[in-house]
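Given next are the chains, with one letter for each unit.
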Amino acid sequence: MVIAHKLNEKVKSSSPPPKVKAKRDFGITGKIFKQSIILILFLVLWQIAPAIGLADPAFLPPFSEVAVAWWHLLISGELWAHFQASILRSIAGFGLALVIGIPLGLLIGWYPLARDLFTPILELFRNTAALALLPVFILILGIGEVSKISIILFACTWPILLNTITAVKNVDPLLIKSARSMNISSFKLFYKVILPASVPTIFTGVRMAGTGAILVLIAAEMVGAKEGLGYYITYAQYNFLIPEMYAGIITISVLGLIINFVLVKLEKHFSKWKQAE
Amino acid sequence: MDKIKFERVTKKFLVRDEQKKGAQREFTAIQDIEFSVKEGEFITLVGPSGCGKSTLLDLLTGLTHPTKGRILIDGREITGPGLDRGIVFQQYALFPWKTARGNIEFGLEAKGIPKSERKEKAEYYLNLVGLKNFADRYPHELSGGMKQRVAIARSLAFNPDVLLMDEPFAALDAQTRETLQTELLRIWKETGKTIIFITHGIDEAVYLGQRVVVLSANPGSVKKIVDVPLENRTEDFDIKSNPTYIKVRKEVWSLLHEQHFQAAFI
Numbered sequence: 001m002v003i004a005h006k007l008n009e010k011v012k013s014s015s016p017p018p019k020v021k022a023k024r025d026f027g028i029t030g031k032i033f034k035q036s037i038i039l040i041l042f043l044v045l046w047q048i049a050p051a052i053g054l055a056d057p058a059f060l061p062p063f064s065e066v067a068v069a070w071w072h073l074l075i076s077g078e079l080w081a082h083f084q085a086s087i088l089r090s091i092a093g094f095g096l097a098l099v100i101g102i103p104l105g106l107l108i109g110w111y112p113l114a115r116d117l118f119t120p121i122l123e124l125f126r127n128t129a130a131l132a133l134l135p136v137f138i139l140i141l142g143i144g145e146v147s148k149i150s151i152i153l154f155a156c157t158w159p160i161l162l163n164t165i166t167a168v169k170n171v172d173p174l175l176i177k178s179a180r181s182m183n184i185s186s187f188k189l190f191y192k193v194i195l196p197a198s199v200p201t202i203f204t205g206v207r208m209a210g211t212g213a214i215l216v217l218i219a220a221e222m223v224g225a226k227e228g229l230g231y232y233i234t235y236a237q238y239n240f241l242i243p244e245m246y247a248g249i250i251t252i253s254v255l256g257l258i259i260n261f262v263l264v265k266l267e268k269h270f271s272k273w274k275q276a277e
Numbered sequence: 001m002d003k004i005k006f007e008r009v010t011k012k013f014l015v016r017d018e019q020k021k022g023a024q025r026e027f028t029a030i031q032d033i034e035f036s037v038k039e040g041e042f043i044t045l046v047g048p049s050g051c052g053k054s055t056l057l058d059l060l061t062g063l064t065h066p067t068k069g070r071i072l073i074d075g076r077e078i079t080g081p082g083l084d085r086g087i088v089f090q091q092y093a094l095f096p097w098k099t100a101r102g103n104i105e106f107g108l109e110a111k112g113i114p115k116s117e118r119k120e121k122a123e124y125y126l127n128l129v130g131l132k133n134f135a136d137r138y139p140h141e142l143s144g145g146m147k148q149r150v151a152i153a154r155s156l157a158f159n160p161d162v163l164l165m166d167e168p169f170a171a172l173d174a175q176t177r178e179t180l181q182t183e184l185l186r187i188w189k190e191t192g193k194t195i196i197f198i199t200h201g202i203d204e205a206v207y208l209g210q211r212v213v214v215l216s217a218n219p220g221s222v223k224k225i226v227d228v229p230l231e232n233r234t235e236d237f238d239i240k241s242n243p244t245y246i247k248v249r250k251e252v253w254s255l256l257h258e259q260h261f262q263a264a265f266i
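Line order of the protein sequences matches chains A and B.
Under my numbering, the residue at position 200 of the first sequence is numbered 200, and the numbers go up by one with no gaps.
Under my numbering, the residue at position 192 of the second sequence is numbered 192, and the numbers go up by one with no gaps.
No lab work stands behind these hints: they were computed from the structure.
A quick note: this is a predicted structure, and the numbers were derived from the prediction, not measured.
Check each hint, because a few of them may be wrong.
Unchecked claim - To give a feel for the contact side, a few chain B residues facing chain A, derived at Cβ under 10 angstroms:
hint: 1; residue: P48
hint: 2; residue: G62
hint: 3; residue: E77
hint: 4; residue: G82
hint: 5; residue: R85
hint: 6; residue: G86
hint: 7; residue: Y92
hint: 8; residue: A93
hint: 9; residue: K98
hint: 10; residue: K111
hint: 11; residue: I113
hint: 12; residue: P114
hint: 13; residue: R154
Unchecked claim - Residues from chain A that keep clear of chain B, each with C-beta distances beyond 12 angstroms, as calculated:
hint: 14; residue: L107
hint: 15; residue: L139
hint: 16; residue: I250
Even for Gly, the Cβ is constructed at its ideal location relative to N, Cα and C.
Just chain A, same shape as in the assembly (with noise of 0.2 angstroms):
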């Protein structure tokens, strides 16, 4: 009986569930079709233009072909080896960013005088387009691996940089009193308070630096690159190669979109309290 009455209850409790579920279910197929209608219009709109005449296909052809170019180039290797390239470029140069960017963000927004000095410079060389440095670091660094990653580095580091002094800076001030009259050291108040309250700011910048990091990297490898999907799109370009160079520009959107949702999946995850705040 007792049984009977558990199973009951477990019956009972678990009847409202699916029902919820189902609603959600059909809420998100609508959220999909919502979100995907648009694109799709896109697709069927390339595919048709220019079989009806209104682009020329030798210069855009319809979607059908490029998809079965990128799925030629995808099996044959080609494009994982370019895909390859560009990626380690691209985390190479960003990692580096972030390895160089917040420490330092770090301690000249903690020190006044620091901020003070060097934020005017900083808003100098992040408002100069990287790739207006492009020859100078070819100039400097040669056409190798090393100009590549650096320009990368450069282009990252600023958004970064500036967004962790910003961090630092904007700190509650009211949360640094209220640490304070505990009396914790400076070094305890520095990354018991300082620091978790400077991550939702500073993973702006983060975010802000790999959406740039792809760009820099594509124009950095169209200059005198031998691999990477910047170098492929020009090499089929010059080859007269218009579906496998349309695949090229469609993998780096992928590899864009990719790098972009990584780091929004983290920012929510690092930013999770300050939610409805």
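Start from chain A and add chain B according to the hints.
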């Protein structure tokens, strides 16, 4: 015995001179403040804006130092912040990335209490402020009243002798404020702490304080200290009709308004 003693405490700041561009002038926030607080006493400080309430609190925390005079705690001069004093701020000042429990443990950690003990202590104080079911919530998931309860628990947890409260209930709605006032009296009785409570509410000052220090502004100084001979405040449901309460309230009110009247003619 005197727990805290203010000895002719004066605090001056340099502020921007409104008359002369780019110049600075001296501004006296508080002047010759002198009074003492007994061990285990609940004292409230009430005054108009500009009476230097916040300055007084900063001096008590030890984050700033008097220009003249000194503040003694247990006969020793305050030279810096310390865990013998706990502070409750009007804006809670909770660490938003820590849960209620995490916030309470922060002070315990500052005191160097081992990890195993922290959890137990946090539990006790969460219970004391009636939040044991909200231990794992983040501040943004708590109401204003709950946040202030956490802040009070945090300050009590590291077991300070003195609790300094800077208009802690000013940001709360009337209902929550009343509940928390009663709760605070209960906690005070349970823990026997010395409490210095700053407020701009006359009712709050009279209801909570055994004595009310009435401050005057420009510069901040003690106008009068009024005794509040009320017993059993928490048991009396209609304390605001109590003749003693009414009398004291009227006195404090007059003291504060005299001042406004004067100020209007300066």
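Hint check:
1. Annotation: interface hint on B:P48 violated; nearest CB of chain A at approximately 23 angstroms, more than 10 angstroms.
2. The closest approach between the C-beta of B:G62 and any C-beta of chain A is roughly 8 angstroms, which is under the 10 angstroms cut-off, so the hint is satisfied.
3. The interface hint given for B:E77 is violated, since its Cβ lies 16 angstroms from the closest Cβ of chain A, which is over the 10 angstroms cut-off.
4. Taken as an interface hint, B:G82 checks out: its beta carbon lies about 5 angstroms from the nearest beta carbon of chain A, inside 10 angstroms.
5. Contact between B:R85 and chain A, as hinted, is supported at the beta carbon level, the nearest pair being about 7 angstroms apart and thus within 10 angstroms.
6. Taken as an interface hint, B:G86 checks out: its beta carbon lies about 8 angstroms from the nearest beta carbon of chain A, inside 10 angstroms.
7. Hint status for B:Y92 relative to chain A: holds, with the closest Cβ pair at about 9 angstroms, below 10 angstroms.
8. Contact between B:A93 and chain A, as hinted, is supported at the beta carbon level, the nearest pair being about 4 angstroms apart and thus within 10 angstroms.
9. Proximity of B:K98 to chain A holds as hinted, the smallest CB-CB distance being about 8 angstroms (cut-off 10 angstroms).
10. Checking B:K111 against chain A by beta carbon gives a least distance of about 8 angstroms; that is within 10 angstroms, so the hint holds.
11. Look at B:I113: its Cβ only gets to about 12 angstroms from chain A, farther than 10 angstroms, so that hint breaks.
12. Interface hint at B:P114: violated, since its Cβ lies 16 angstroms from the closest Cβ of chain A, which is beyond the 10 angstroms cut-off.
13. The restraint placing B:R154 at the interface with chain A holds, with a minimum CB-CB distance near 9 angstroms, inside the 10 angstroms limit.
14. Once the 12 angstroms rule is applied to beta carbons, A:L107 is consistent with being away from chain B; the minimum gap is 22 angstroms.
15. Residue-level check passed: A:L139 sits 46 angstroms from the nearest beta carbon of chain B, beyond 12 angstroms.
16. Residue placement check: A:I250 keeps its beta carbon more than 12 angstroms from all beta carbons of chain B (closest about 40 angstroms).
The earlier numbered hints that this structure contradicts are 1, 3, 11, 12.
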